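Hey, can you piece these two chains together into the complex? The hints should help.
So the chains spell out like this:
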Amino acid sequence: MTAPLVTDPPEGVTGQGFYLTSLEKAVALARKNSIWPLPFATSCCGIEFMATMASHYDFARFGSERPSFSPRQADLLMVMGTVAKKLGPILKQVYCQMAEPRWVMAVGACASSGGIFDTYSVLQGIDQVIPVDVYVPGCPPRPEQIIDGLMSVQSLVGTESLRRRHSDAYTQLLKGYGID
Amino acid sequence: MALTNSPHPSDTLSPTPFGTAVCDDVSQRFGVVAQHLQYGHWCLEVGPTTYYAVMQDLKHTHGFTMLTDLCGVHHAEGEATLAVVAQVHHLPERTRLFVTVRLAVTETEPVPVVDSLVPLFPSANWMERETYDFFGIQFAGHPNLKRILNEDDMAYFPLRKEYPLEDQSRTDKDDRMFGR
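Chains A and B, in that order, are what the protein sequence lines are. Residue 28 in my numbering sits at position 28 of the first sequence, and the numbers go up by one each step. One gets my numbering by counting positions in the second sequence from 1 and adding 180 to each.
Treat the hints with care, since some could be wrong.
Computed cross-link-like contacts, SDA-like style, restricted to lysine to any residue with a CA-CA straight-line distance of at most 20 Å [what the hints assert, rightly or not]:
(1) A:Lys86 with B:Lys326
(2) A:Lys85 with B:Pro344
(3) A:Lys86 with A:Ile116
(4) A:Lys92 with B:Asp332
(5) A:Lys86 with B:Leu345
(6) A:Lys25 with A:Met151
(7) A:Lys25 with A:Ser152
(8) B:Lys326 with B:Asn305
(9) A:Lys85 with B:Phe314
Every beta carbon over 12 Å from chain A, so not counted as near; a handful from chain B, in silico [claimed, not checked]:
(10) Glu257
(11) Thr261
(12) Thr286
Keep in mind that the hints were calculated from the coordinates and are not lab data. None of the values given here were measured: they were computed from a predicted structure. Each residue gets a CB set at the ideal place from its N, CA and C atoms; glycine is no exception.
Pulled out of the complex, with its shape left as it was, chain B reads as follows (with noise of 0.2 Å):
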């Protein structure tokens, strides 16, 4: 079954007039790859090398000094298919923005880069070494970009899609016992 993106019913929320303002400003001066609307919010997805430059003009021009969030993603469809998240607050006008970066892993690029949000927002960093520990995305510029929740011995991304959810190391389950 292919995946769709049909609207959601949340996505007729309207988003606040600085936002969209924002938005249109960021998209004008940098180009974005996509833009829509999700909860009422303003997605913006931007290529890798324009991402540390987006994120440091919310921050620095537009005022959104809040980081939220930040986290990975492995999508099931497309070329690109890893992606990071991050959301921003702007407090004063009360209004959110996520901002998504795809990463693609090809034979030549094993491991995708993208530039590490410390320098902007201290909070980014146990973010990003989560996003890292789960997905194996690098931040360049990180200062301490090591495991954060699993072991430091594990050998893999354990969200990344190639990887099943279970234990793949372990002798002692029967397979027709466990429904596997």
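Only chain A is shown next, with the shape it has when bound in the complex (with noise of 0.2 Å):
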């Protein structure tokens, strides 16, 4: 009987003993399994999230098992819920902590689109200020629909060419949010 295969490895040689890849794949493979999840939870969204990151649903078998509180040592910032105008400095704050690579999931209608907050006080979409890499809907979204939105952040990281960070695409977009 065979070990079931935790991943698929990527394109590479392999013959008796060895296997040859590029280390860019490497790296990604290593990258995309061991995401390092930044909670950012301000509402009902979050209390799915913690559904989600509990033993049920078990969203430490993705590589996430160290949520981490602190931005420095977070590779994915999940905001997930509504976010006041008063808290998008905050927010941007907490992101512009957050060491590169980093990516941004946003949970949920609030954090994607204002959702029903259509109102004077609410941050429209936390786009606004940060750039999102993943939008989950849903209000709440199941933890299926997060867990779905994680797989969609590891395919992301997973194909990311190591040099994107340093593209002039990269540094305009970030200077679109004002973030240098």
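Encoded structure:
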């Protein structure tokens, strides 16, 4: 009986006792299976995240064993819940404190677009203050949807060029948000 | 449809004899614009010039030592549409009293001003700041009249009826899809 594969190996050359692939693919494989998320939970989507994190749905099996409650050691910022306009600069500061490479996931209708709170005090989607990689719809999304969002982040991380963060396009993107 | 002041079922609740006596005394000595019963409590409407004197009298002469609430209202009809409502409580007599002052916004007097109650009731401090924040009512004599809940750089007063509830500055939402 063969042992089940934890993950599909990237493209490479294999033979007896060795396996060759490019450094980029090896790094991508490591990165995508060890994403440390930073939960930024403000409301009901945060409760769904707690269910996602707990043993029943077990977020950890995707390599996110350690939710990081410090932005310095986090790879993925998960924004879950309504973000008031006053909270916008704080969210941006948290994002700026994360080290590159960093990814952002907007969980739920409020974080993605302001949701039902089309009003003067609520930020109409966190992409007004920080760039977002993956949006998870739902009000609130079920844990399955959050896991689906995480797997989308994984596929982004796994296919991202190692040089992307040094590209002009990326610098321009950040500049568009006023982040140096 | 015209707004009417039809009697609420709870209007039939009877006020305390103490409350009625205080009301009669205040209206005799200061003169009130209007006076009616609501939920078994007397509501006095006074002019902006007598507002502070009435509140001072209620506290020091009649013993209404507790300011339970203070808020703003923007009425749909009438000449003086903005209002400040203060609610005081007499603890030994278990009597509440509402004091309203109506303020007009005109071309010549665009900023509504009313006396601050902070010298009488320190608890009025944050409540008057909130009223200023949402209705733009100035409180003369307030020690620190600045926004308390909304962002500091907000350029308008969101609960005034001339401003729509939805954020007008955003460009990301298509009105046809968001039912506006």
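Hint numbers not upheld by this structure, sorted from lowest to highest:
none
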